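Undergrad: Listed in order, the protein sequences are those of chains A and B.
Sequential numbering from 1 applies to the first sequence in the numbering used here.
Sequential numbering from 1 applies to the second sequence in the numbering used here.
Simulated from the structure, these hints should not be mistaken for lab results.
Some hints could be false.
[Claimed, not checked] Simulated DEER-style distance windows between Cβ atoms:
(1) A/A179 to B/A229: 54 to 60 Å
(2) A/F115 to B/R81: 24 to 30 Å
(3) A/K228 to B/P172: 43 to 49 Å
(4) B/R126 to A/I118: 42 to 48 Å
(5) A/V216 to B/R126: 37 to 43 Å
(6) A/I118 to B/R81: 55 to 61 Å
(7) A/F275 to B/R126: 17 to 23 Å
(8) B/D65 to A/P117: 36 to 42 Å
(9) B/I243 to A/L103: 41 to 47 Å
(10) A/V216 to B/Q157: 36 to 42 Å
(11) B/G114 to A/I132: 49 to 55 Å
(12) B/R126 to A/L128: 55 to 61 Å
(13) A/A179 to B/E135: 27 to 33 Å
(14) B/E135 to A/G124: 44 to 50 Å
As the structure is a prediction and not an experimental result, all values here were calculated from the model.
Here a beta-carbon is modelled for each residue, glycine too, at the ideal position from N, C-alpha and C.
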Amino acid sequence: MSIATPPGSPSPPLPPGDRRSRILGGRHWEGRYSVPIAVASTVIFFTVLVLLVVNSPGWPEVKRSFFNAQVFRESFPDISTRFLKNVGAFLIAEVFILVLALLIAVLRSLPGPVFFPIRALALGYTDLFRGIPTILVIYILGFGAPALQLQGVPRSPFFWGIVGLVLVYSAYVAEVYRAGIESVHPSQVAAARSLGLTRWQGLRFVVIPQAVRRVVPPLLNDFIGLQKDTALLALVGVLETFRQSQVDVAGSFNYTPYLATALLFVLITIPLARFTDWLIARERRRREAGAAL
Amino acid sequence: MTRALALEEVHKSFGRVEVLRGVDLSVNRHEVIALIGASGSGKSTLLRCVNLLEPIDAGRIVLGDEDITGRRVDENEVRKRIGIVFQAFNLFPHMTVLRNITLGPIEALGLSRGEAQARADELLGRFGLLDKRDEYPDRLSGGQQQRAAIVRAMAMQPDLLLLDEVTSALDPELIAEVLDVIRELAEGGMTMVLATHEMGFARDIANRVCFLDEGVILEEGPPAKMFSAPEHPRTRRFLQRIIAAGRL
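Let's have the full structure, built from the sequences with the hints guiding it.
TA: Printed below as a string of structure tokens:
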């Protein structure tokens, strides 16, 4: 308990996981002065920061090129319409990533010498696509695959850009799943097998449901990264929000459209991040409640 | 008397450690066998080998009249006929008690959901757990969890039930409710092999007591004889330690 509490303080101790204590960084803050102190220090800190920036020698120039309200108003509608393309790419890619990554993770957990080639293949896949920078994968697929001129295969950069994201992110997400699968205690598998369930049934009914539940927070973390990386599709010619802002910047000789784009990404990733935090906190509370029984 | 299970010269090693060094054991139908012995004497390994959760290195295990350690044995089929209850319950935490119990009958035995639920309800009612049917395991006490685990094994209607120190993880006040369940199963004619440290219970319930020592069954006999006049000095020493610890 905090030693800062004045004697006879009327404020009751906050339980762990209390709403206020979470917002203030997970510590058990107590005492009647903690909130005013936090408010005051925050105000002072940001006032100093803003004064520093605003009084810097280059500020008038930066303000003109990055914070132009007129340019912002003109470019924002287009940029936010194009942002729907990013959200679409994110949603399509995510579905395929969740399925492909689970398949790879399951293949990597197959036991026994017979499955060695399959395990090696899955391992090679994750090593390869975690090793290559995402931007290169998207360049190679976005420009290379359409050039093959294969019959019946789409040539749109949007399609190949998404394929690139799926390949890269599946490698990461497969590792997340695998960590989840390995965290399920072997006694659970023994219990499943003892009921006459096959290896596959044990995986399906007992291991995977528990594994997925445990890795939801890290999965959401990867979602946030994926949402940001949809901007990479601009590099192979997809007219999405970042590409649109480049067009607007070139047309207005002003960088404000970049800031507008950044704002849109932040608006969607911050709620995701807070939701992830909330899930992690809920998971921890559940574990603590379970351990208390 | 018909034989339910026979072990012949069963050997099992983990790496260089030989845990079972030639175990012979024969279990008749409706018989209750208590396996006693110090920690590390191989009781759990023996039960896990019978359920084919561990492959044996040498010897033979015969269930009914079928060699279940032969080459062409479908281990899933064998496990449907042998129930096992673990020391740590091993209930599935993401499923309700009912789902825990119906999973095996539905997926492994191919029962319909209705049939499996009827079977589960009947057993839950018999063992006083009907009100816990829709709870998740972490809402149950240890004793309730272990009773649910026994019900889960019994819902498969096995020919043989293996109990691996099922009260060792329980608080003392919760042990009796689990032992009562086992006693009722014994009275119902269930064939059981139980590894246990509850010597008083073993004396009450077992038809035969087997003392496992350093990977072999050193001595076996009816409980009255085993607990009052054991022949082998090592058996006597083991029981003296148990009595000194206040467990008998």
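Undergrad: Between A/A179 and B/A229, does the beta-carbon spacing fit 54 to 60 Å?
TA: Because 56 Å falls inside the window, the suggested range holds.
Undergrad: Taking 37 to 43 Å as the stated bounds, is the beta-carbon spacing between A/V216 and B/R126 within them?
TA: holds, 38 Å
Undergrad: Is 17 to 23 Å respected by the C-beta to C-beta distance linking A/F275 and B/R126?
TA: Hint violated: Cβ distance 45 Å, outside 17 to 23 Å.
Undergrad: Looking only at beta-carbon atoms, does the pair B/R126, A/I118 fall within the given range of 42 to 48 Å?
TA: Holds, since B/R126 and A/I118 (Cβ atoms, about 46 Å apart) stay within the stated range.
Undergrad: Does the beta carbon distance between B/D65 and A/P117 stay inside 36 to 42 Å, or does it fall outside?
TA: holds, 40 Å
Undergrad: With respect to the beta-carbon atoms only, verify the hint that B/R126 and A/L128 lie 55 to 61 Å apart.
TA: holds, 57 Å
Undergrad: Can you let me know if the beta-carbon spacing of B/E135 and A/G124 is within 44 to 50 Å?
TA: holds, 45 Å
Undergrad: Quick check: does the Cβ-Cβ distance between B/G114 and A/I132 fall within 49 to 55 Å?
TA: holds, 53 Å
Undergrad: Using the beta carbons of A/V216 and B/Q157, state whether their distance is inside 36 to 42 Å or not.
TA: Given a distance of about 37 Å, which is inside 36 to 42 Å, the answer is holds.
Undergrad: A range of 55 to 61 Å was offered for this pair. Does it hold for the Cβ distance of A/I118 and B/R81?
TA: violated, 32 Å
Undergrad: Given the hint of 41 to 47 Å, check if B/I243 and A/L103 actually sit that far apart at their C-beta atoms.
TA: violated, 58 Å
Undergrad: Can the suggested window of 27 to 33 Å be confirmed for the beta-carbon pair A/A179 and B/E135?
TA: holds, 29 Å
Violated hints for the displayed structure, listed by number in ascending order: 3, 6, 7, 9.
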